[in-house]
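Residue numbers (our numbering): 422 to 636.
Everything labelled a hint here was simulated from the structure, so no lab data went into it.
Do not take every clue at face value.
[What the hints assert, rightly or not] Capping the alpha-carbon separation at 27 Å, the derived lysine-lysine pairs in DSS-like fashion look like this: (1) K546 - K559; (2) K600 - K620; (3) K546 - K603; (4) K546 - K525.
[As the list claims (entries may be wrong)] Restraint-style ranges between C-beta atoms, simulated for each label pair: (5) K525 - S437: 45 to 55 Å; (6) K559 - A618: 19 to 29 Å; (7) A453 - Q590: 18 to 28 Å; (8) Q532 - K620: 27 to 37 Å.
Every residue gets a Cβ at the ideal spot worked out from N, C-alpha and C, and that includes glycine.
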Amino acid sequence: MANPTDSKPVAAARPSNPLARAQYLLAAHTPAQLPADGGFEVAFAGRSNAGKSTALNALCQQNALARVSKTPGRTQQLVYFNIPPHADRYLVDLPGYGYAKVPKDLQAHWQAFLDRWFQTRHALKGLVVVMDIRHPLKDYDRQMLGYAVSRGLPAHALLTKADKLGRGQQTQALQAVRKELKAAFGDTVGVQVFSGAAKLGVDEARAVVNGWLEI
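Could you put the whole structure together from the sequences, leaning on the hints where they help?
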């Protein structure tokens, strides 16, 4: 009879949500402050008040990983979160669009920084664009998606705050946005309904991000 204590050790189970380990790493205002350009990065972009912070927190199952700026568009920085135990996996939180309260010289600096980052960042593997399902595809949303498509980068649109609409309205909005995205970008941009508050579409979006990060 085999001794139970002689059984082989069982490998540790893979965590059901690797993103739950995400933690703040740094905030970059200039290219010199960025981490080394290696590994895997997924960026999150969206208009102020579109629910980007809520989406990030829901994906990572944390309440306050990503914080909302008190002055939309005022904080011009790329916020990096790393994902232990991986030394080269990052989520990158871009500031919410909305430059009305930002001095024009800062606007110009930030736009140049962002342009350079998008066009030259080798570690960037995917872009998530967060849009309020009731007000999708504004000019900045299209601009960000255009950045991704122009360099052959996969992109995925989250139609957030879907809990504010009925199921029929959600379906109509999704179909309308999908049609517009296909006309503008072909089949290169994915799209789904999402609600961090109602946990709608969270698993689907997380699978996309994890796939890009290869975790």
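Worksheet item: Failing hints, ascending?
Response: Of the numbered hints given earlier, those the structure breaks are 4 and 7, listed in rising order.
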